[in-house]
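Using the hints provided, position chain B with the ligands relative to the given structure of chain A.
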Amino acid sequence: MEKIGVYVCHCGTNIAGTVDVQEVAEWAAARLKHRGVVVGREYKFMCSSLGQELIEKDIKELGLTRVVVAACSPHLHENTFRTACKRAGLNPYLCELVSIREQVSWVHTDKDMATAKAMAVVSGGVERVLHHEALEPLKVSIHPDTLVVGGGIAGIQAALEIADAGYKVYLVEREPSIGGHMAQFDKTFPTLDCAACILTPKMVQAGTHPNIELLTWSEVEKVDGYVGNFSVTIRKKSRYVKTDLCTGCGICWEKCPKKVVDDVFEAGMGTRKAIYTPFAQAVPRYPVIDRANCTYYIKGTCKACEKFCPTSAIDFNQEDEIITVNVGNIVLATGYETFDAHRMAQYGYGRLPNVLTSIEFERMCNASGPTNGEILLRDGKSKPKAVGIVHCVGSRDKNYNEYCSVICCMQGLKFAHLVHERTGAEVYNFYIDMRTPFKGYEEFYQRVLEEGTHFIRGKVAEINDAPRTPEEQGKLIAQVEDTLVGVQMRIPLDMVILSVALEPRHDAKETAKRFGLSCSADGWFIEKHPKLDPVATMTEGILIAGCVQGPKDIPASVAQGAAAAARALGKIHAKEIALEPVRASVIEEKCSGCRICNGLCPFNAISFHEERMVTEINAALCQGCGTCVAACPAGAITGTGFSNEQIFAQIEGLLLLNVGEEPVPA
Amino acid sequence: MTVNGNKPKFAMYWAASCGGCEIAVLNIHEKILDVDANFDVVFWPVAMDAKYKDVEAMEDGSILLTLFNGGIRNDENEHIAKLLRRKSKILVAFGSCANEGCIPGLANLSDSREIVSTAFNTISTDNPKQIYPMISYDVPEGEIHIPKILPVLKTLDQVVDVDYYMPGCPPESHQIAAVIDLVVQVLQGKAELPPKGTVIGAGNSTVCDECKRARNIKMVKSFKRIWGVEVDPELCLLEQGIPCNGIATRSGCNARCPTAGAQCIGCYGPAEGVIDYGARLISAFASVIDSNDPEEIDRILDGIVDPTGQFYRFNLAGSLLKAGKPAWEKA
Ligand SMILES: Cc1cc2nc3c(=O)[nH]c(=O)nc-3n(C[C@H](O)[C@H](O)[C@H](O)COP(=O)(O)OP(=O)(O)OC[C@H]3O[C@@H](n4cnc5c(N)ncnc54)[C@H](O)[C@@H]3O)c2cc1C
Ligand code: SF4
Ligand code: SF4
Ligand code: SF4
Ligand code: SF4
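Protein chains in written order, with our numbering: chain A, 1 to 666; chain B, 1001 to 1331.
Bear in mind the hints are in silico, worked out from the structure with no lab data behind them. Remember, it's a predicted structure, so these values are computed and weren't measured experimentally. Just so you know, not all the hints are guaranteed correct.
Below, simulated PhoX-like cross-link-like pairs (lysine-lysine); rule was C-alpha separation at most 25 Å, straight line [unchecked claim]: (1) A:K475 - A:K459; (2) A:K242 - A:K255; (3) B:K1221 - A:K509; (4) B:K1221 - A:K513.
Coverage of chain A stretches by chain B, computed from C-beta distances (three or more under 8 Å per stretch; other residues unrestricted) [what the hints assert, rightly or not]: (5) 432–445; (6) 630–637.
Cβ-to-Cβ under 7 Å is the rule here; a few derived chain B residues that face chain A [stated by the list, open to error]: (7) K1089; (8) R1280; (9) L1281.
Heads up, the beta-carbon is just placed ideally off N, CA and C, and yes, glycines get one too.
For reference, chain A alone in the conformation it holds in the complex (with noise of 0.2 Å):
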């Protein structure tokens, strides 16, 4: 017979304040005595080193062969406790936790139900783990090359961790360019540095870099594998430029005669040509050719570009190539975009020419945009004499985005700073609350206080052109109330920026689904654990970092990158990783071989053998997430620790069909 201990955790009072703990531990040993159960034991915290030599000990002493913890969810500790029962001798596996935190005491307040209920989940726990196999963990090897996905502040500072230290770097960039949105900015906020000067050096060292292979203008197709091993496939668009002969002389694009409005780089403010870089510090610096611009592509002839080119490196011809390669990590740096001003009509963005979104006003004040770093109206000539920054727009709206896109005020503060520094205006700040959390940033407020910004506390209602007053005549007029002092105001106005929400990619649902990871129902990428693992996935071995993740300002996305790289360094390292046992397997002879199972793995795990009319899981690419499980109607597969026998003994449990007599009292 098996010897089980049982041990409840009382949480501090996370749980004792709701369950008593003590009546739920000497329960179980009396009362699922003949379910094997020899020791129930109650203690404050469970997870702390003492708590777990509890287990030790009575593993060492009393020969347990099974343990079951009632403590907090298995998310949180399963490990701990598992480790704790392998330092003892006992397989891991042969430990279960239950919960009666997240599962009993938070959702409960009557304490003598919330005790029984509790009772009732260690007696399900017993009757799961009886059923427990012992299993050894899956070992994989790592390939020591990482893929990092998209060239931003933070996919660029995980590669350069990465190539420093030694180790092989795919950078994929799908614009001509790394950079991202940084280097579309001017300053960068707290401490007012000039982009271009801190980022340039870092895209150069990443371009140069011997460990890193850069493939911009390139992007991921497929990604078949699981950690340690993944092939990736990716196509590089073609250039029409041959990059072993391109000097990036800029002739081509000198002699170009094609204009076009570049809505990426320039976000509409400014002109390219046919062929060109995005801006002039661009890593790498070879040209793309725009196809759809291109006038040789149009109307057959041109060609000027492949005529000026001093080096022959211009290739008409050229064709997207496809190209494999093999990692052992992933690291998504995929970024943001921003909200479409459009959506709000009320701010009259498109129809009203000097309401401008801040990433055009970033544009705007960049010494190499378009106006040369000068803040000028539509017009192109005249200044502003007053501005005003409109905080929140797409953001902490339950019609757009609920979520705080975290890096809006203090760039409207910046934007405010330089307002002042540049045209003397009046601003006006228009913001919900002002958040100013990090290091050096609520200083910068106070600077920008200091300075004689005005803060208006209240939601923009509308920004209309329709003057009531001669003051507003050829104004822009905001209406809004200001709430600490409860009034209307109409504000008058010549330039009106609006700070554009921190969005998802507009296509993260597809990336997360050729990566195997899942989004929020706003479309970030979802980490493994909100505080204590932001840059892991559920995917092991897929690593993110910076806004795809959420909004944040620059030293997050950086710290994240490095994180996501020192998380990858870890395993290139170690050699090899375990992983989880716990995988879903088919059993071949009861495999009828009809498919329902086939589409439904999010991790690409099964395949189907036309020859043999069966099909197949790979155990290292299976997650153990049992989708597949529960679909198979022919019983056929079955998961590792979720047996369709534990799962049943646990439901009996549960129902304490398996309780013996009330001991009766000495």
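Only chain B with the ligands this time, still in chain A's reference frame:
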């Protein structure tokens, strides 16, 4: 399995069932002679005259093999099930009704009064005096009884211990013949009986395993009733939106229905190890619906007009639920 000069005894009984199982046994053609050659048929009401009291008089365990078909609907069924259990060495739940309730088991959605009133008081019943059956009735010769209907129909193994299970509605004749063959071989010492509790006369996979239709990754955009569509003769029916239960139904029938162009309705019951047939089917169907839009999903599911009939036609009494709530409530 000593024979002692005498042939071993054989019995077959029908409880709540349609009689198809009996026909299926007779339908094994000349193999039936093997039964006669090897067994002494002591009790088989459909084929020969016999009295319960004769069975009651037999020694316990004296019948070697009893094929029991039909569900346990009334106290007579229950009495005979218990009686034959006592008298038989090997008791086989024969056919879908005995295994899992089958069509009679669908009555478990209603309580017994509703059932009786449906039988004696519907438009199609000519019963102007509203005469209802009575359990006991006094006649000059004394008191006479009819069997009492039980609150729910039970499967054989919900009432007595069962040795083997032979599914099908009815079991396919070739499977019956194979089982008879096996028992004969066991008698001759040439084979061994499978472990108790085994499902015999059927396969270990599902109907799809025996179905020749081509299949792909399934993406179902609508469920259709078969009379409403032109059926592609080569392609898996489920992929055509025809709710074929072959995916969840135990193999053994040679995929008769899908081969003939009709969907499998599930008469061979759940696959090996499956506890609730309908639940398996429901989650499988749900898994292949090709939509993420809740309203569209609802529309697709509306294509399954009779969910109980689709998912539990044969298995309701044997399912985890066993019966609908009213049947339990007003026992
Ligand atoms: C107007 C504005 C001003 C700001 N000012 C500041 C400031 O002053 N200070 C500060 O700290 N923060 C500021 N921020 C925030 C800052 O922009 C972000 O914190 C930072 O850029 C995030 O970097 P990232 O690498 O995560 O994302 P990104 O900069 O968005 O980079 C992502 C990269 O991935 C590429 N990519 C996307 N999808 C794919 C794909 N499928 N395949 C390959 N490549 C892909 C993109 O092309 C891009 O290069 C500001 C933000 C805004 C909107
Ligand atoms: S062919 Fe002409 S239009 Fe096209 S990129 Fe070259 S120079 Fe420009
Ligand atoms: S349990 Fe099934 S669906 Fe889930 S990851 Fe494993 S193979 Fe894929
Ligand atoms: S659902 Fe089950 S029976 Fe069907 S193919 Fe998948 S494993 Fe095989
Ligand atoms: S038609 Fe029915 S039995 Fe045949 S493969 Fe399709 S689901 Fe299975």
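Each hint, compared with the structure:
Restraint check: the Cα-Cα separation between K475 of chain A and K459 of chain A comes to about 20 Å, which is no more than 25 Å; the hinted pair holds. In summary, the hint linking K242 of chain A to K255 of chain A is supported, as the alpha carbons are separated by about 18 Å, within the 25 Å threshold. Between K1221 of chain B and K509 of chain A the alpha-carbon distance is near 22 Å, which keeps this suggested pair within the 25 Å criterion. With a CA separation close to 21 Å, the supplied pair K1221 of chain B and K513 of chain A stays within the 25 Å bound.
Counting residues of the segment 432–445 of chain A whose C-beta lies closer than 8 Å to any C-beta of chain B gives 0; at least three are required, and the coverage claim is violated. Counting residues of the segment 630–637 of chain A whose CB lies closer than 8 Å to any CB of chain B gives 7, so the stated coverage by that chain holds, three being the minimum. A least Cβ separation of about 30 Å between K1089 of chain B and chain A goes past the 7 Å threshold, and the interface hint is therefore violated. With a least beta-carbon distance of about 5 Å to chain A, the hint placing R1280 of chain B at the interface is held under the 7 Å criterion.
Given the 7 Å rule on beta carbons, the hint for L1281 of chain B holds: about 6 Å separates it from the nearest Cβ of chain A.
Of the hints listed earlier, those the structure fails to meet are numbers 5, 7, in rising order.
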